[in-house]
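Student: Protein chains in written order, with my numbering: chain A, 1 to 493; chain B, 1 to 493; chain C, 1 to 493; chain D, 1 to 493.
Mixed in with the good hints, there may be bad ones.
Note that identical chains are pooled: a pair holds if it fits in a single copy or bridges any two copies.
[What the hints assert, rightly or not] Heads up, simulated SDA-like pairs for lysine to any residue below, C-alpha to C-alpha not over 20 Å straight-line: (1) K176 to R255; (2) K20 to Q336; (3) K141 to A121; (4) K385 to K443; (5) K20 to K385; (6) K176 to R366; (7) K486 to G249; (8) K297 to E232; (9) K20 to D392; (10) K141 to R181; (11) K422 to R71; (12) K141 to E236; (13) K20 to N335; (14) K141 to Q259; (15) K141 to G65; (16) K297 to D83; (17) K385 to E238; (18) K141 to G124; (19) K486 to P465.
Keep in mind that the hints were calculated from the coordinates and are not lab data.
Letter by letter, the chains look like this.
There are 4 protein chains.
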Amino acid sequence: MTDASVRPEDWHAHPFDDDKLREECGVFGVVGAGEAAPLVALGLHALQHRGQEAGGIVVHDPQAGFNSVRRFGYVRDTFTSQDVMDRLPGGVGIGHVRYSTTGSKGQTAIRDVQPFFGEFAMGGAAVAHNGNITNADALRKDLIGRGSIFQSSSDSECIIHLMARSMGPNIPERMKDALRRVEGAFSIVAMTRTKLIGCRDPLGVRPLVLGRIGDGYALASETCALDIIGAEFLREIEPGEMVVITEAGEIASHRPFEQRRPRFCIFEHVYFSRPDSILGGRSVYETREAIGKELAKEAPVEADLVCPVPDSGTPAAIGYSLQSGIPYGMGIIRNQYVGRTFIEPTEQIRNMGVRLKLNVNRALIRGKRVVLVDDSVVRGTTSRKIKEMILDAGAEEVHFRIASPPTAWPCFYGVDTPQREKLLAATMSADEMREHLGVDSLKFITLDGLYRAVGEARGRDPNAPQYCDACFSGAYPVAPSDQIAKGFEVAAE
Amino acid sequence: MTDASVRPEDWHAHPFDDDKLREECGVFGVVGAGEAAPLVALGLHALQHRGQEAGGIVVHDPQAGFNSVRRFGYVRDTFTSQDVMDRLPGGVGIGHVRYSTTGSKGQTAIRDVQPFFGEFAMGGAAVAHNGNITNADALRKDLIGRGSIFQSSSDSECIIHLMARSMGPNIPERMKDALRRVEGAFSIVAMTRTKLIGCRDPLGVRPLVLGRIGDGYALASETCALDIIGAEFLREIEPGEMVVITEAGEIASHRPFEQRRPRFCIFEHVYFSRPDSILGGRSVYETREAIGKELAKEAPVEADLVCPVPDSGTPAAIGYSLQSGIPYGMGIIRNQYVGRTFIEPTEQIRNMGVRLKLNVNRALIRGKRVVLVDDSVVRGTTSRKIKEMILDAGAEEVHFRIASPPTAWPCFYGVDTPQREKLLAATMSADEMREHLGVDSLKFITLDGLYRAVGEARGRDPNAPQYCDACFSGAYPVAPSDQIAKGFEVAAE
Amino acid sequence: MTDASVRPEDWHAHPFDDDKLREECGVFGVVGAGEAAPLVALGLHALQHRGQEAGGIVVHDPQAGFNSVRRFGYVRDTFTSQDVMDRLPGGVGIGHVRYSTTGSKGQTAIRDVQPFFGEFAMGGAAVAHNGNITNADALRKDLIGRGSIFQSSSDSECIIHLMARSMGPNIPERMKDALRRVEGAFSIVAMTRTKLIGCRDPLGVRPLVLGRIGDGYALASETCALDIIGAEFLREIEPGEMVVITEAGEIASHRPFEQRRPRFCIFEHVYFSRPDSILGGRSVYETREAIGKELAKEAPVEADLVCPVPDSGTPAAIGYSLQSGIPYGMGIIRNQYVGRTFIEPTEQIRNMGVRLKLNVNRALIRGKRVVLVDDSVVRGTTSRKIKEMILDAGAEEVHFRIASPPTAWPCFYGVDTPQREKLLAATMSADEMREHLGVDSLKFITLDGLYRAVGEARGRDPNAPQYCDACFSGAYPVAPSDQIAKGFEVAAE
Amino acid sequence: MTDASVRPEDWHAHPFDDDKLREECGVFGVVGAGEAAPLVALGLHALQHRGQEAGGIVVHDPQAGFNSVRRFGYVRDTFTSQDVMDRLPGGVGIGHVRYSTTGSKGQTAIRDVQPFFGEFAMGGAAVAHNGNITNADALRKDLIGRGSIFQSSSDSECIIHLMARSMGPNIPERMKDALRRVEGAFSIVAMTRTKLIGCRDPLGVRPLVLGRIGDGYALASETCALDIIGAEFLREIEPGEMVVITEAGEIASHRPFEQRRPRFCIFEHVYFSRPDSILGGRSVYETREAIGKELAKEAPVEADLVCPVPDSGTPAAIGYSLQSGIPYGMGIIRNQYVGRTFIEPTEQIRNMGVRLKLNVNRALIRGKRVVLVDDSVVRGTTSRKIKEMILDAGAEEVHFRIASPPTAWPCFYGVDTPQREKLLAATMSADEMREHLGVDSLKFITLDGLYRAVGEARGRDPNAPQYCDACFSGAYPVAPSDQIAKGFEVAAE
């Protein structure tokens with residue numbers, strides 16, 4: 001059922017730039033550090049890049065019980081007021097930001113906004129999920145057949161229903177039961193009345209980190225969310241690990257799953273994570289600079305200016321400039337008053353597209369041979385427009401350098417990707433792409449180059465890839481069974 | 001869990017007059033008469049007196065599937081716009097208006113607003129319920145223990161979960177299964193993708209009527225909701241009957257329950273139903289006029305003016321005047337811009353109480369002996385204030401005549417009543433009440449007198465009462481088992 | 001200029017019944033009685049029947065200066081919250097409710113909502129005006145030519161500009177200067193930093209009363225607004241009088257205008273004023289009952305039931321019943337959840353018209369000869385629909401009795417009337433009207449009968465009418481000069 | 001008077017970073033290029049950095065007349081919907097974005113939002129003003145004394161009142177009359193029913209440019225607003241010039257003022273203007289890069305990393321890096337989901353201050369000697385916090401390099417500056433500032449260095465400065481007479 005009642009009338013945001021892959025979620029939780037809600041709100045604000053459409057917070061207080069607020073819009077607009085904080089008392093809390101999948105039936109309803117909550121015989125539990133359950137359709141069908149009533153269209157809701165039906169004696173045990181039936185990628189932050197729980201799937205596809213704040217602990221998708229609340233980054237939750245943290249500050253580590261070789265998402269390094277977050281002991285910014293350097297080695301060109309496509313191409317462009325010696329300059333300026341959405345734009349304004357966000361620094365570009373560095377090419381629509389803007393401004397030559405290999409396969413592990421046929425690299429060769437974009441040259445970093453930049457000195461191990469790189473290689477570490485049932489053809493790993 | 005997110009910030013209505021019993025719900029449904037949503041909205045508007053806090057509509061369309069809108073506030077403000085109607089396409093639809101129970105933990109969340117919806121293996125179903133399930137706590141506990149996740153704090157949600165777990169082959173059969181496990185009072189309007197369903201509990205405590213509109217049918221709590229859409233009143237759904245109506249206009253009548261002697265709520269005649277509705281073949285207005293006449297016979301008084309407490313006391317006052325020959329006059333004027341609520345009033349305004357709603361027609365009252373006719377006395381707080389207003393205006397004498405017997409017991413069948421100790425008649429004798437209110441005389445109609453006025457020429461049959469009159473007599477036709485488990489002591493029937 | 005920015009998006013109210021004359025304004029002010037704003041809000045709530053579209057309050061506090069809040073919607077929804085009261089500190093305050101003229105260019109903008117405010121060299125002043133300035137167009141043109149900038153489309157704004165340009169030494173003197181240039185009808189409540197001012201035009205067309213509350217004073221359009229705040233009604237402000245009241249409770253009475261014979265609006269008795277207000281020493285309710293009696297004498301009929309068109313026809317119907325001996329009954333029931341507006345109704349709902357508001361009490365009407373008593377016939381559209389509803393319900397005969405003479409002329413003194421050609425009585429004889437409405441008989445009270453009912457024992461003095469009755473007689477006591485300039489033809493008085 | 005009614009309840013934005021000077025306005029207008037409103041909205045979006053609090057658009061259409069919409073919030077949220085565009089028909093239009101002065105009486109009311117509009121005898125005119133009128137208090141007092149009624153607290157409103165009182169035969173002539181009485185800085189875009197007017201004060205303190213779009217013309221504060229609508233940049237409006245542009249595309253240039261030597265605001269180069277705008281024939285980005293290079297020459301230091309304070313310090317940091325050879329790196333990451341405001345933040349969140357916006361890239365900073373390049377130091381509060389973040393992250397040394405001279409004097413020409421005593425440089429020597437900030441070194445570019453960077457090869461001419469640099473030098477080219485009347489002491493020029 002579509003519940004059209006609770007979406008605010010004035011909130012029909014339009015993603016003005018749909019030519020990016022989108023991380024669908026960020027999760028955060030805290031316990032033992034005083035009032036939870038303001039810390040969760042700050043954490044979610046720092047994770048806003050992982051989901052801009054809506055957010056939710058659940059807290060528990062011994063007197064007031066469980067309380068939640070779920071809202072469309074940015075955290076800074078929806079979760080910062082005293083009024084909202086007053087409704088969210090308690091010392092245990094979790095939160096979630098989400099970006100809805102586009103192209104589906106319609107818009108997210110407030111019912112789809114996590115965390116999901118269930119009241120069990122032994123008390124309530126709330127669950128926030130980053131990732132995607134690849135057998136959700138099958139699980140949902142089975143659960144409905146047995147009398148469960150789903151409230152949302154979200155795959156993540158399966159988890160709470162599986163927990164409700166588990167015979168486990170307590171909530172962590174019920175969560176183990178539930179997650180053992182789930183396939184796909186998940187980094188979960190959950191809570192009971194007194195405990196904070198974190199869990200990553202056996203492959204560890206999505207990130208999840210642990211930090212200490214005062215006498216308490218926080219769990220977050222990225223370290224930048226620990227920084228904002230002044231928490232100390234302790235370690236990553238390990239692939240296949242579940243931690244259960246009490247209000248008193250005791251952490252128990254469980255291993256509910258059979259052990260597997262990890263396959264962390266390599267695209268987190270390329271684009272999803274914030275440049276100031278730390279992944280694998282190095283800042284994402286440095287990794288992206290290293291990608292730029294690697295790219296300069298693999299795909300040099302004679303030029304006058306290295307110019308990033310802002311903001312995501314910036315670190316790689318700096319790296320390319322450092323390696324090549326070609327001066328770095330901001331030939332494209334981003335309007336800082338554009339978020340990722342426009343509210344109900346007119347047709348005319350929608351058609352402005354990238355001009356709403358970017359403007360060329362004409363005086364700087366004119367007469368120059370320009371190396372444009374971008375993080376990825378998805379549909380190629382934005383790349384074409386940027387090329388035109390650059391040429392209109394009088395550039396002599398335009399050379400695209402892309403900080404990732406061609407994106408040729410959809411992601412089924414929690415990233416919003418277009419259907420395969422919409423991916424430029426799925427239907428064109430590198431040369432066709434260059435011609436399609438109309439640029440003087442177009443080079444992608446190689447898969448091996450990317451592995452080297454993220455620290456794998458010998459590149460990708462083709463027999464046992466160190467990362468999940470399915471979007472580049474088609475090598476899906478977990479078979480996307482719902483998709484296969486619908487006819488999707490996976491390339492052999 | 002309390003979901004504080006979806007209640008509109010500016011909607012903290014305050015019931016400015018809590019000295020009335022409140023019907024908690026009105027239900028409406030339509031099939032086979034063209035677009036359902038506008039008809040449902042009109043029907044709910046006509047039933048607004050049965051629930052002012054919130055309303056909801058669910059419709060189904062073969063293309064658009066199930067859609068719902070649920071809103072706080074009056075139907076005329078929330079369901080009349082083209083924008084809302086556009087979100088609710090389809091030819092089958094049901095709706096619900098509700099008044100939340102006061103005194104409970106807090107305010108209704110949008111999650112508590114009916115109709116409730118469940119997606120089953122054979123398709124979705126929506127259910128709107130008027131009444132109260134007296135074993136809801138026990139059912140909920142059992143369902144949670146078996147893995148159902150409740151989304152609201154409403155007793156009515158049990159029905160949809162029981163249906164979800166039924167093994168019945170279709171939705172009407174599942175509803176029978178569910179309702180056989182439910183105790184209490186229910187008049188239900190439900191829908192599947194193509195069918196409209198109506199059902200009344202075996203005692204028929206709450207009303208439910210069937211009407212014809214064009215080639216289709218409508219179900220409604222009262223006939224006034226048929227009038228507004230131009231539907232012809234066919235008959236009442238009988239106690240213990242379930243009707244299943246197809247889009248093609250076929251009606252099947254089922255009898256899922258063991259047959260019992262009906263016990264319709266006698267207070268529907270006194271106060272809940274609208275005066276222009278027809279109950280038992282007679283307009284409620286005429287019945288109330290008859291109550292006034294009966295009261296004039298039972299409790300005559302010498303006086304100069306018969307004056308109603310507007311608006312609910314008006315028909316009985318007219319009856320009293322006709323019978324007694326004392327002139328009828330509007331000594332109290334109601335401000336027509338008061339609904340049943342004020343939006344977020346200040347303390348000072350809240351304290352104005354009844355003055356916000358009523359003003360005395362001083363010139364008319366001065367120097368007169370006044371018979372004040374009201375429908376009932378609940379807490380007595382309003383009665384005292386009205387008496388003071390009348391005396392301040394210079395009345396010589398004030399005689400209260402009440403169109404119902406003393407309200408001494410709470411209702412557990414879908415009416416919001418204060419706890420027993422708050423009911424004036426539960427703690428005081430008639431004489432103590434008169435003294436407490438400070439009036440020259442105070443008379444209630446007798447239970448037998450009331451039965452005569454509603455058409456039972458020989459009054460109440462004490463061995464087999466023809467109506468549910470538990471609020472007056474304490475004779476509960478269905479044992480309120482949840483309440484008994486919490487310690488409530490029922491008088492022996 | 002039309003300022004489309006400040007009208008709330010969701011406030012496009014539709015007057016669901018435009019077949020009534022509408023008072024356009026109510027005014028209220030208070031000084032010396034503690035915090036002014038809550039008292040003004042209550043007073044405006046009691047005057048809501050005089051203007052439902054929007055309201056405004058201005059207060060002054062020595063520290064906080066002048067503050068104002070202006071809002072669309074009912075007072076009970078817009079001025080009752082602590083939040084709004086907190087923005088309105090101070091011991092002097094005035095307020096205004098307004099009903100916009102229909103059929104004009106469009107909707108009221110918030111800029112048109114009074115009180116109007118001006119900052120003068122000697123301090124600020126705010127003015128709230130009930131009535132209409134008949135030379136406003138000419139004044140506006142002159143003021144613009146001399147450099148005044150108008151902020152609204154309201155005729156009342158002229159007053160504050162004339163005050164701004166006066167050379168008077170203080171605000172009351174400037175107001176006298178201004179009002180001597182103004183033609184038409186005005187009952188004004190105004191304020192300076194420390195004083196409350198009330199003034200009526202020389203004819204006293206619109207009402208204005210003075211009350212005492214504690215050590216302070218209140219001014220209001222009607223006495224019902226004094227009742228709600230517990231103020232004692234002292235006297236009417238006299239036609240042509242200006243009172244200036246200080247915070248210390250001193251009242252000075254001025255006579256700024258040449259004296260004329262008063263011409264109070266007789267329609268205030270018929271319809272505009274609330275039945276519990278006192279006009280000329282008698283309650284409006286009693287006057288209306290007297291009109292009904294007079295009508296029963298003038299236009300008797302054999303019938304079984306006297307039935308009011310609710311709510312405005314009720315007192316006259318009671319009077320008709322008392323005089324004629326025909327039983328009184330509520331054959332038409334008003335839905336109490338209809339105010340005077342619907343929010344953005346769909347076409348279909350708009351077409352429901354009177355059915356949204358009224359329903360026939362079929363059981364009561366069936367087979368009866370019914371006398372329907374209404375206050376007036378304007379366009380006749382509603383009357384026709386009511387007649388149809390009554391006949392559909394099975395009435396044998398329908399006799400319309402109207403508590404005012406035929407309305408044949410527009411009002412230019414602060415009442416929203418349709419153009420002359422839309423008034424049924426302007427284009428049809430009494431018999432044509434009867435035929436047009438399709439009723440068995442149609443009788444209006446005579447002008448003399450109406451004068452008798454309001455207390456003029458010898459009826460109307462044709463040489464010096466005691467009231468303004470221009471809407472019935474076409475005898476305009478003030479020449480409507482702007483209208484005449486536009487071609488309106490006045491009947492000779 | 002403070003009008004508290006029309007500010008949206010939920011719009012109490014908090015400027016989370018008040019340690020910057022703020023341009024107070026951006027203006028835009030278009031004629032002859034089709035529907036004006038969408039172009040004005042786009043232009044204002046591109047100028048959003050010049051005013052984030054509120055915006056307004058006025059248009060004129062022969063049928064619909066003048067229409068306006070004024071709103072709080074970002075253009076992208078308030079002026080992009082079809083609904084708003086539909087209310088703004090017409091081919092001539094102007095718009096304004098504003099940032100309110102902080103520390104003043106309170107928050108902007110919607111009445112203060114420009115454009116201002118006046119209806120004159122010859123038709124209406126709307127005016128949007130960037131700059132500040134330094135004799136506004138005196139003008140207002142005089143106008144009030146003569147009967148003008150002000151609607152806002154804005155200095156700019158004087159212009160429209162002076163125009164209303166002018167005896168000039170048409171609107172451009174009236175504007176000349178008005179502006180000749182005005183002292184201070186103004187770049188004005190105005191409109192009549194058919195004409196677009198642009199005007200700059202004789203010193204040309206604020207920017208204003210002319211562009212061609214199709215057969216029509218646009219006026220804008222900066223060229224970036226021409227770029228977004230695809231207009232071609234023609235030229236700057238000259239200091240002291242007024243242009244009047246007809247719908248037919250005829251441009252007339254007037255010189256209403258005595259000619260003076262221009263004094264363009266040098267801070268527009270440093271901070272206010274967008275880096276992709278063109279000032280004096282060069283992109284602002286290049287000028288800022290040149291400032292960085294100049295700074296590297298004037299204030300070299302041995303270090304490992306040049307790091308900008310994002311985003312405004314970025315181009316100067318790139319210049320410093322290029323000149324010095326020290327590698328450039330993004331040691332501080334800006335959260336792109338922070339605009340310049342937070343909605344109603346809690347105390348706790350407000351106290352987070354800069355951490356809401358900036359996070360240190362710890363891995364990059366650790367162990368390095370860092371040159372931090374910022375555009376200016378105002379109060380120094382942010383600079384201290386950034387220094388602390390950098391040291392916490394493990395930097396060895398912190399060297400601040402500032403791309404402007406010490407800001408020691410308030411601006412009275414349309415920039416929001418703190419009172420003089422709040423300016424760090426007004427009360428401390430360079431060395432005291434270094435100590436106060438706690439950094440290893442602190443160097444500002446010299447005034448001569450800044451002049452060289454903006455293209456004055458021989459630096460500042462002390463006898464006839466080429467720019468307005470009052471904020472650095474205290475040399476005010478127009479005496480701020482209102483301020484002097486209040487006691488402000490100007491340094492001798």
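Student: Given identical chains, is K20 near K385, meaning Cα to Cα at most 20 Å, within a copy, between copies, both, or neither?
Tutor: within (14 Å within a copy, 34 Å between copies)
Student: Go through the copies and call it for K141 and G65: within, between, both or neither, with a Cα cutoff of 20 Å.
Tutor: For K141 and G65, the Cα distance is within 20 Å only across copies (18 Å; inside one copy 32 Å).
Student: How would you classify K141 and E236 at a CA-CA limit of 20 Å: within, between, both, or neither?
Tutor: neither (34 Å within a copy, 39 Å between copies)
Student: Between K297 and E232, at a C-alpha cutoff of 20 Å, which is it: within one copy, between copies, both, or neither?
Tutor: neither (36 Å within a copy, 40 Å between copies)
Student: Should K176 paired with R366 be assigned to within, between, both, or neither, using CA atoms and 20 Å as the limit?
Tutor: Answer is neither; intra-copy 60 Å and inter-copy 40 Å both fail.
Student: Between copies, within a copy, both or neither: which fits K486 and G249 at Cα up to 20 Å?
Tutor: neither (46 Å within a copy, 38 Å between copies)
Student: Checking K20 and Q336: alpha-carbon separation at most 20 Å within a copy, between copies, both or neither?
Tutor: Classified as both; 18 Å inside a copy, 16 Å across copies.
Student: Regarding K141 and Q259, is the shortest C-alpha distance of 20 Å or less found within a copy, between copies, in both, or in neither?
Tutor: Answer is neither; intra-copy 28 Å and inter-copy 38 Å both fail.
Student: For K486 vs P465, is the C-alpha pair at or below 20 Å within one copy, between two copies, both, or neither?
Tutor: Close neither inside one copy (27 Å) nor across copies (62 Å); limit 20 Å.
Student: Within a copy, between copies, both or neither: where do K141 and R181 come within 20 Å Cα-Cα?
Tutor: within (14 Å within a copy, 26 Å between copies)
Student: Can you give me the call for K141 and A121, within, between, both or neither, at a CA distance of at most 20 Å?
Tutor: Answer is between: at 8 Å across copies they meet the 20 Å cutoff, but 24 Å inside does not.
Student: Could you figure out if K385 and K443 sit no more than 20 Å apart (CA to CA) within one copy, between two copies, both or neither?
Tutor: So K385 and K443 pass the 20 Å test inside one copy only (18 Å; across, 41 Å).
Figure legend: structure checked against the earlier numbered hints; hints not met, in rising order: 6, 7, 8, 9, 11, 12, 14, 16, 17, 19.
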